[in-house]
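Numbering (my numbering), first residue to last: 332 to 736.
A hint or two may mislead.
Unchecked claim - Quick list of the computed label-pair ranges, beta carbon to beta carbon:
id: 1; residue 1: I695; residue 2: S415; range: 53 to 63 Å
id: 2; residue 1: A590; residue 2: S399; range: 24 to 34 Å
id: 3; residue 1: H509; residue 2: E634; range: 29 to 39 Å
Honestly, the hints are just simulated from the structure, not real lab data.
Don't be surprised by glycine CBs; every beta carbon is placed ideally from N, CA and C.
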Amino acid sequence: NAEYMGEINPYPFAMADDEYDPNKLPPVMAPCALFLFDPVPIPQPLHYEKFFEPKKGPNKNGKVHFISQVTLFRDNLRHVLINSTTIESQIQAAESYLSILLYLQKESESNDTLNVMQPTPHWTPALHVNNKEITSCAHKNFDITMAYLTLGMLISNQAFFEFSASTGNDESFKAACHRMRVAAGVFQHLHENVSKTWLNIPFGRATDALLPVVVALKHLCMAQAHLLAIWKGIRNDSLSHSVLAKLFLHVVREFEHMAEQFRALHPTDHNRLSDDLRMFTNLQVLLNRALVCKHLAIAANAEASYGMAVAYIHRAAVTLGPIANTAPVQIQSRRLLTLRAQIAANYQAVTKLYNTYKHDNDTIYFVPVPADSSVSFPEPKSLLEPIPFEPPPLSIALVDLRSPP
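Could you build all of it, start to finish, from the sequences and the hints given here?
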(Lines of atoms letter the chains of each structure in order from A; the text may use other names.)
(Lines give C-alpha, C1' and ligand atoms only; values in the text may rest on other atoms or scores of the structure.)
Protein backbone atom coordinates (compact mmCIF):
# COMPACT_ATOMS: atom_id res chain seq x y z
CA ASN A 332 0.00 0.00 0.00
CA ALA A 333 1.71 3.17 -1.21
CA GLU A 334 0.00 5.19 1.52
CA TYR A 335 2.30 3.56 4.07
CA MET A 336 5.57 3.66 2.14
CA GLY A 337 8.56 5.25 3.84
CA GLU A 338 9.38 6.10 7.42
CA ILE A 339 8.20 9.24 9.23
CA ASN A 340 10.70 11.71 10.64
CA PRO A 341 10.24 11.49 14.43
CA TYR A 342 12.17 14.66 15.27
CA PRO A 343 10.33 17.70 13.88
CA PHE A 344 11.29 19.67 17.00
CA ALA A 345 15.07 19.11 16.73
CA MET A 346 16.99 22.32 17.40
CA ALA A 347 20.58 23.41 17.63
CA ASP A 348 22.10 23.88 21.08
CA ASP A 349 22.28 27.65 20.66
CA GLU A 350 18.55 27.76 19.88
CA TYR A 351 17.56 26.08 23.13
CA ASP A 352 16.11 28.49 25.66
CA PRO A 353 15.28 26.83 28.99
CA ASN A 354 12.95 29.71 29.84
CA LYS A 355 10.73 28.87 26.89
CA LEU A 356 10.28 25.16 27.44
CA PRO A 357 8.86 23.29 30.44
CA PRO A 358 11.76 21.86 32.48
CA VAL A 359 9.82 18.63 33.07
CA MET A 360 7.36 16.95 30.73
CA ALA A 361 4.02 17.11 32.53
CA PRO A 362 1.72 14.18 31.79
CA CYS A 363 -1.10 16.49 30.74
CA ALA A 364 -1.41 20.15 29.82
CA LEU A 365 -3.92 22.22 31.79
CA PHE A 366 -5.17 25.66 30.82
CA LEU A 367 -4.25 28.54 33.12
CA PHE A 368 -6.68 31.47 33.32
CA ASP A 369 -4.25 34.37 33.44
CA PRO A 370 -5.63 36.87 34.10
CA VAL A 371 -8.99 36.11 35.67
CA PRO A 372 -11.78 38.71 35.50
CA ILE A 373 -11.11 41.72 37.73
CA PRO A 374 -13.88 44.02 39.00
CA GLN A 375 -13.48 47.76 38.61
CA PRO A 376 -14.38 50.06 41.54
CA LEU A 377 -18.10 50.53 42.12
CA HIS A 378 -19.88 52.22 45.03
CA TYR A 379 -23.09 50.32 45.62
CA GLU A 380 -24.28 52.98 48.06
CA LYS A 381 -25.06 55.17 45.02
CA PHE A 382 -27.50 52.62 43.62
CA PHE A 383 -29.14 50.85 46.57
CA GLU A 384 -31.01 52.80 49.20
CA PRO A 385 -32.94 51.09 52.00
CA LYS A 386 -36.48 52.19 52.77
CA LYS A 387 -37.32 53.57 56.14
CA GLY A 388 -37.74 50.98 58.86
CA PRO A 389 -36.46 49.70 62.19
CA ASN A 390 -33.38 48.19 60.56
CA LYS A 391 -32.48 50.97 58.11
CA ASN A 392 -29.03 51.52 59.62
CA GLY A 393 -28.29 47.82 59.38
CA LYS A 394 -29.27 47.83 55.70
CA VAL A 395 -27.05 50.84 55.03
CA HIS A 396 -24.18 48.96 56.66
CA PHE A 397 -24.93 45.92 54.51
CA ILE A 398 -24.83 47.91 51.26
CA SER A 399 -21.47 49.40 52.23
CA GLN A 400 -20.24 45.84 52.81
CA VAL A 401 -21.03 44.95 49.19
CA THR A 402 -18.69 47.73 48.07
CA LEU A 403 -16.08 46.61 50.61
CA PHE A 404 -16.19 42.98 49.40
CA ARG A 405 -15.85 44.10 45.78
CA ASP A 406 -12.86 46.27 46.66
CA ASN A 407 -11.31 43.38 48.58
CA LEU A 408 -11.71 41.00 45.63
CA ARG A 409 -10.12 43.54 43.31
CA HIS A 410 -7.24 44.04 45.76
CA VAL A 411 -6.36 40.36 46.21
CA LEU A 412 -6.60 39.64 42.47
CA ILE A 413 -4.35 42.54 41.50
CA ASN A 414 -1.79 42.02 44.24
CA SER A 415 -1.17 38.33 43.47
CA THR A 416 -2.02 36.97 46.88
CA THR A 417 -2.39 33.23 47.42
CA ILE A 418 -4.91 31.34 45.32
CA GLU A 419 -6.71 30.34 48.52
CA SER A 420 -7.25 33.98 49.54
CA GLN A 421 -8.39 34.82 46.01
CA ILE A 422 -10.97 32.03 46.09
CA GLN A 423 -12.17 33.12 49.53
CA ALA A 424 -12.56 36.72 48.33
CA ALA A 425 -14.47 35.55 45.23
CA GLU A 426 -16.78 33.36 47.33
CA SER A 427 -17.46 36.23 49.74
CA TYR A 428 -18.26 38.67 46.96
CA LEU A 429 -20.52 36.17 45.19
CA SER A 430 -22.37 35.39 48.41
CA ILE A 431 -23.04 39.03 49.23
CA LEU A 432 -24.10 39.76 45.63
CA LEU A 433 -26.62 36.93 45.76
CA TYR A 434 -27.96 38.26 49.05
CA LEU A 435 -28.16 41.77 47.58
CA GLN A 436 -30.14 40.41 44.64
CA LYS A 437 -32.53 38.70 47.04
CA GLU A 438 -32.96 41.91 49.03
CA SER A 439 -33.44 44.07 45.94
CA GLU A 440 -36.19 41.76 44.67
CA SER A 441 -38.12 42.40 47.87
CA ASN A 442 -39.94 45.65 47.12
CA ASP A 443 -40.42 46.60 50.75
CA THR A 444 -36.70 46.36 51.50
CA LEU A 445 -34.67 48.40 48.99
CA ASN A 446 -35.20 51.09 46.42
CA VAL A 447 -33.05 50.12 43.46
CA MET A 448 -31.43 52.02 40.60
CA GLN A 449 -29.62 49.44 38.44
CA PRO A 450 -25.83 49.94 38.49
CA THR A 451 -23.54 49.35 35.52
CA PRO A 452 -20.64 47.25 36.82
CA HIS A 453 -17.34 47.35 34.95
CA TRP A 454 -14.97 44.38 34.73
CA THR A 455 -11.67 43.63 33.07
CA PRO A 456 -12.44 40.33 31.27
CA ALA A 457 -10.21 37.26 31.16
CA LEU A 458 -10.92 35.80 27.74
CA HIS A 459 -10.72 38.79 25.41
CA VAL A 460 -7.94 39.01 22.85
CA ASN A 461 -7.28 42.37 24.51
CA ASN A 462 -7.58 41.41 28.16
CA LYS A 463 -6.96 45.00 29.25
CA GLU A 464 -10.22 46.11 27.72
CA ILE A 465 -12.87 47.06 30.27
CA THR A 466 -16.44 45.88 29.61
CA SER A 467 -19.71 46.72 31.30
CA CYS A 468 -23.40 45.91 31.19
CA ALA A 469 -26.40 47.27 33.09
CA HIS A 470 -28.25 43.93 33.20
CA LYS A 471 -28.93 42.82 36.78
CA ASN A 472 -27.19 39.48 36.25
CA PHE A 473 -23.97 40.80 34.73
CA ASP A 474 -22.10 41.35 38.01
CA ILE A 475 -23.24 38.00 39.40
CA THR A 476 -22.22 36.23 36.18
CA MET A 477 -18.74 37.74 36.31
CA ALA A 478 -18.41 36.78 39.98
CA TYR A 479 -19.31 33.16 39.17
CA LEU A 480 -16.83 33.15 36.27
CA THR A 481 -14.07 34.52 38.48
CA LEU A 482 -14.70 31.87 41.12
CA GLY A 483 -14.80 29.03 38.59
CA MET A 484 -11.59 30.17 36.91
CA LEU A 485 -9.81 30.54 40.25
CA ILE A 486 -10.76 27.02 41.33
CA SER A 487 -9.52 25.71 37.97
CA ASN A 488 -6.28 27.65 38.50
CA GLN A 489 -5.96 26.11 41.96
CA ALA A 490 -5.99 22.68 40.33
CA PHE A 491 -3.38 23.90 37.84
CA PHE A 492 -1.05 25.25 40.54
CA GLU A 493 -1.37 22.27 42.86
CA PHE A 494 -0.74 19.81 40.07
CA SER A 495 2.15 21.82 38.59
CA ALA A 496 3.87 22.11 41.97
CA SER A 497 3.43 18.45 42.86
CA THR A 498 5.71 15.50 42.27
CA GLY A 499 3.00 13.79 40.22
CA ASN A 500 1.91 11.39 42.96
CA ASP A 501 -1.56 9.89 43.13
CA GLU A 502 -2.81 12.44 45.66
CA SER A 503 -1.88 15.37 43.42
CA PHE A 504 -3.78 13.82 40.49
CA LYS A 505 -6.77 13.13 42.73
CA ALA A 506 -6.85 16.60 44.31
CA ALA A 507 -6.46 18.41 41.00
CA CYS A 508 -9.13 16.22 39.39
CA HIS A 509 -11.54 17.00 42.25
CA ARG A 510 -10.99 20.75 41.91
CA MET A 511 -11.55 20.62 38.15
CA ARG A 512 -14.89 18.91 38.78
CA VAL A 513 -15.78 21.60 41.33
CA ALA A 514 -14.90 24.32 38.79
CA ALA A 515 -17.03 22.53 36.18
CA GLY A 516 -19.88 22.54 38.70
CA VAL A 517 -19.56 26.31 39.11
CA PHE A 518 -19.81 26.86 35.35
CA GLN A 519 -22.67 24.37 35.06
CA HIS A 520 -24.58 26.12 37.86
CA LEU A 521 -23.98 29.48 36.19
CA HIS A 522 -25.22 28.10 32.87
CA GLU A 523 -28.35 26.49 34.27
CA ASN A 524 -29.38 29.12 36.82
CA VAL A 525 -28.13 32.50 35.64
CA SER A 526 -26.89 32.72 32.04
CA LYS A 527 -30.11 31.42 30.48
CA THR A 528 -32.03 34.34 31.99
CA TRP A 529 -30.39 36.99 29.83
CA LEU A 530 -29.89 35.44 26.43
CA ASN A 531 -31.43 38.40 24.61
CA ILE A 532 -28.64 40.82 25.51
CA PRO A 533 -26.58 40.67 22.29
CA PHE A 534 -24.03 43.40 22.95
CA GLY A 535 -22.40 45.29 25.78
CA ARG A 536 -21.31 42.28 27.78
CA ALA A 537 -17.96 40.62 28.18
CA THR A 538 -17.14 37.72 25.90
CA ASP A 539 -16.48 35.76 29.11
CA ALA A 540 -20.15 36.08 30.08
CA LEU A 541 -21.70 34.85 26.83
CA LEU A 542 -23.67 31.63 27.21
CA PRO A 543 -21.64 29.55 24.69
CA VAL A 544 -18.43 30.53 26.49
CA VAL A 545 -19.86 29.56 29.89
CA VAL A 546 -20.88 26.15 28.50
CA ALA A 547 -17.46 25.76 26.86
CA LEU A 548 -15.70 26.41 30.17
CA LYS A 549 -17.65 23.58 31.79
CA HIS A 550 -16.50 21.23 29.02
CA LEU A 551 -12.93 22.49 29.42
CA CYS A 552 -12.85 21.65 33.13
CA MET A 553 -14.43 18.24 32.60
CA ALA A 554 -11.97 17.41 29.80
CA GLN A 555 -9.10 18.33 32.12
CA ALA A 556 -10.59 16.37 35.02
CA HIS A 557 -10.74 13.30 32.78
CA LEU A 558 -7.17 13.83 31.60
CA LEU A 559 -5.98 13.91 35.20
CA ALA A 560 -7.91 10.73 36.01
CA ILE A 561 -6.58 9.01 32.87
CA TRP A 562 -2.97 9.87 33.58
CA LYS A 563 -3.35 8.69 37.15
CA GLY A 564 -4.50 5.33 35.71
CA ILE A 565 -1.61 5.27 33.26
CA ARG A 566 0.85 6.01 36.04
CA ASN A 567 -0.50 3.08 38.03
CA ASP A 568 -0.75 0.83 34.96
CA SER A 569 -4.34 0.10 35.92
CA LEU A 570 -6.08 0.69 32.58
CA SER A 571 -5.94 -1.44 29.44
CA HIS A 572 -5.14 0.19 26.12
CA SER A 573 -8.65 -0.46 24.82
CA VAL A 574 -10.13 1.30 27.86
CA LEU A 575 -7.66 4.16 27.52
CA ALA A 576 -8.76 4.66 23.92
CA LYS A 577 -12.39 5.00 25.05
CA LEU A 578 -11.44 7.46 27.80
CA PHE A 579 -9.31 9.61 25.50
CA LEU A 580 -12.18 9.58 23.00
CA HIS A 581 -14.42 11.10 25.67
CA VAL A 582 -11.82 13.82 26.20
CA VAL A 583 -11.90 14.48 22.45
CA ARG A 584 -15.68 14.85 22.65
CA GLU A 585 -15.40 17.36 25.51
CA PHE A 586 -12.95 19.53 23.59
CA GLU A 587 -15.07 19.18 20.43
CA HIS A 588 -18.07 20.44 22.41
CA MET A 589 -15.94 23.45 23.38
CA ALA A 590 -15.10 24.13 19.74
CA GLU A 591 -18.80 23.84 18.80
CA GLN A 592 -19.72 26.43 21.43
CA PHE A 593 -17.08 28.81 20.12
CA ARG A 594 -18.41 28.39 16.56
CA ALA A 595 -21.88 29.30 17.86
CA LEU A 596 -20.65 32.77 18.82
CA HIS A 597 -21.41 35.79 16.71
CA PRO A 598 -18.37 36.42 14.45
CA THR A 599 -17.58 39.64 16.34
CA ASP A 600 -17.56 37.82 19.67
CA HIS A 601 -15.64 34.88 18.21
CA ASN A 602 -12.90 37.19 16.96
CA ARG A 603 -12.63 38.81 20.39
CA LEU A 604 -12.16 35.48 22.14
CA SER A 605 -8.71 34.61 23.48
CA ASP A 606 -6.43 33.13 20.82
CA ASP A 607 -4.77 30.97 23.48
CA LEU A 608 -8.05 29.37 24.53
CA ARG A 609 -9.13 28.66 20.96
CA MET A 610 -5.72 27.23 20.05
CA PHE A 611 -5.58 25.17 23.25
CA THR A 612 -8.97 23.67 22.40
CA ASN A 613 -8.13 22.82 18.79
CA LEU A 614 -4.73 21.35 19.65
CA GLN A 615 -6.19 19.22 22.43
CA VAL A 616 -8.74 17.79 19.98
CA LEU A 617 -5.95 16.70 17.65
CA LEU A 618 -3.57 15.48 20.37
CA ASN A 619 -6.22 13.35 22.06
CA ARG A 620 -7.49 11.98 18.74
CA ALA A 621 -3.94 10.80 18.13
CA LEU A 622 -3.79 9.23 21.60
CA VAL A 623 -7.04 7.37 20.88
CA CYS A 624 -5.46 5.90 17.75
CA LYS A 625 -2.19 5.13 19.53
CA HIS A 626 -3.88 3.04 22.22
CA LEU A 627 -6.14 1.31 19.71
CA ALA A 628 -2.99 0.42 17.73
CA ILE A 629 -1.25 -1.04 20.78
CA ALA A 630 -4.37 -3.03 21.66
CA ALA A 631 -4.69 -4.31 18.08
CA ASN A 632 -1.03 -5.31 17.93
CA ALA A 633 -1.38 -7.21 21.21
CA GLU A 634 -4.29 -9.13 19.67
CA ALA A 635 -2.22 -10.00 16.56
CA SER A 636 -4.29 -7.66 14.36
CA TYR A 637 -1.10 -6.38 12.79
CA GLY A 638 -2.60 -4.69 9.76
CA MET A 639 -5.13 -2.84 11.90
CA ALA A 640 -2.36 -1.82 14.30
CA VAL A 641 -0.45 -0.20 11.42
CA ALA A 642 -3.61 1.57 10.24
CA TYR A 643 -4.38 3.01 13.68
CA ILE A 644 -0.83 4.15 14.40
CA HIS A 645 -0.53 5.67 10.93
CA ARG A 646 -3.68 7.66 11.58
CA ALA A 647 -2.18 8.88 14.86
CA ALA A 648 0.99 9.98 13.07
CA VAL A 649 -0.77 11.87 10.28
CA THR A 650 -3.04 13.56 12.85
CA LEU A 651 -0.08 14.94 14.79
CA GLY A 652 2.31 15.48 11.90
CA PRO A 653 1.06 18.83 10.56
CA ILE A 654 0.83 20.49 13.97
CA ALA A 655 4.11 18.97 15.16
CA ASN A 656 5.96 20.45 12.21
CA THR A 657 4.45 23.93 12.53
CA ALA A 658 4.14 24.16 16.33
CA PRO A 659 7.57 25.69 17.05
CA VAL A 660 6.59 28.73 14.98
CA GLN A 661 2.84 28.91 15.64
CA ILE A 662 2.78 28.10 19.37
CA GLN A 663 4.66 30.81 21.21
CA SER A 664 2.39 31.64 24.15
CA ARG A 665 3.82 30.58 27.49
CA ARG A 666 0.42 29.11 28.42
CA LEU A 667 0.74 26.64 25.56
CA LEU A 668 4.36 25.54 25.97
CA THR A 669 3.53 22.38 27.93
CA LEU A 670 1.00 21.41 25.27
CA ARG A 671 3.58 22.14 22.58
CA ALA A 672 6.12 19.89 24.32
CA GLN A 673 3.50 17.14 24.61
CA ILE A 674 2.73 17.32 20.91
CA ALA A 675 6.43 16.96 20.13
CA ALA A 676 6.95 14.04 22.54
CA ASN A 677 3.83 12.20 21.41
CA TYR A 678 4.65 12.67 17.74
CA GLN A 679 8.07 11.16 18.34
CA ALA A 680 6.55 8.23 20.24
CA VAL A 681 3.83 7.65 17.65
CA THR A 682 6.15 7.80 14.64
CA LYS A 683 8.62 5.45 16.32
CA LEU A 684 5.79 3.00 16.99
CA TYR A 685 4.52 3.38 13.43
CA ASN A 686 7.92 2.64 11.96
CA THR A 687 8.25 -0.45 14.20
CA TYR A 688 4.77 -1.81 13.42
CA LYS A 689 5.14 -1.15 9.70
CA HIS A 690 8.57 -2.79 9.57
CA ASP A 691 7.34 -5.90 11.42
CA ASN A 692 4.28 -6.19 9.21
CA ASP A 693 6.28 -5.70 6.02
CA THR A 694 8.94 -8.28 6.96
CA ILE A 695 7.17 -10.81 9.22
CA TYR A 696 3.36 -10.79 9.13
CA PHE A 697 2.43 -9.51 5.62
CA VAL A 698 -1.12 -8.60 6.73
CA PRO A 699 -3.08 -6.20 4.48
CA VAL A 700 -3.36 -2.73 6.02
CA PRO A 701 -6.87 -1.22 5.96
CA ALA A 702 -7.30 2.30 4.62
CA ASP A 703 -7.59 5.06 7.22
CA SER A 704 -11.21 5.63 6.27
CA SER A 705 -12.18 2.06 7.11
CA VAL A 706 -10.94 1.91 10.71
CA SER A 707 -13.62 1.93 13.40
CA PHE A 708 -13.72 3.54 16.83
CA PRO A 709 -15.37 2.43 20.07
CA GLU A 710 -17.94 4.38 22.03
CA PRO A 711 -16.44 7.02 24.33
CA LYS A 712 -16.28 6.18 28.03
CA SER A 713 -16.86 8.77 30.75
CA LEU A 714 -15.63 8.38 34.32
CA LEU A 715 -16.66 11.65 35.97
CA GLU A 716 -19.38 14.25 36.33
CA PRO A 717 -19.22 17.86 37.53
CA ILE A 718 -19.56 18.25 41.28
CA PRO A 719 -22.82 20.16 41.87
CA PHE A 720 -22.17 23.69 43.09
CA GLU A 721 -24.07 25.28 45.94
CA PRO A 722 -23.67 29.07 46.13
CA PRO A 723 -21.85 30.07 49.33
CA PRO A 724 -24.17 31.32 52.09
CA LEU A 725 -23.76 34.79 53.52
CA SER A 726 -22.03 34.07 56.80
CA ILE A 727 -23.15 35.94 59.91
CA ALA A 728 -19.42 36.25 60.66
CA LEU A 729 -18.99 38.36 57.54
CA VAL A 730 -21.91 40.75 57.99
CA ASP A 731 -24.61 40.81 60.65
CA LEU A 732 -27.78 42.35 59.26
CA ARG A 733 -29.67 42.00 62.51
CA SER A 734 -28.02 44.95 64.21
CA PRO A 735 -26.61 48.23 62.85
CA PRO A 736 -22.97 49.16 63.59
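Consistency of the hints with the structure:
1. I695 to S415: 53 to 63 Å: holds, 59 Å
2. A590 to S399: 24 to 34 Å: violated, 44 Å
3. H509 to E634: 29 to 39 Å: holds, 35 Å
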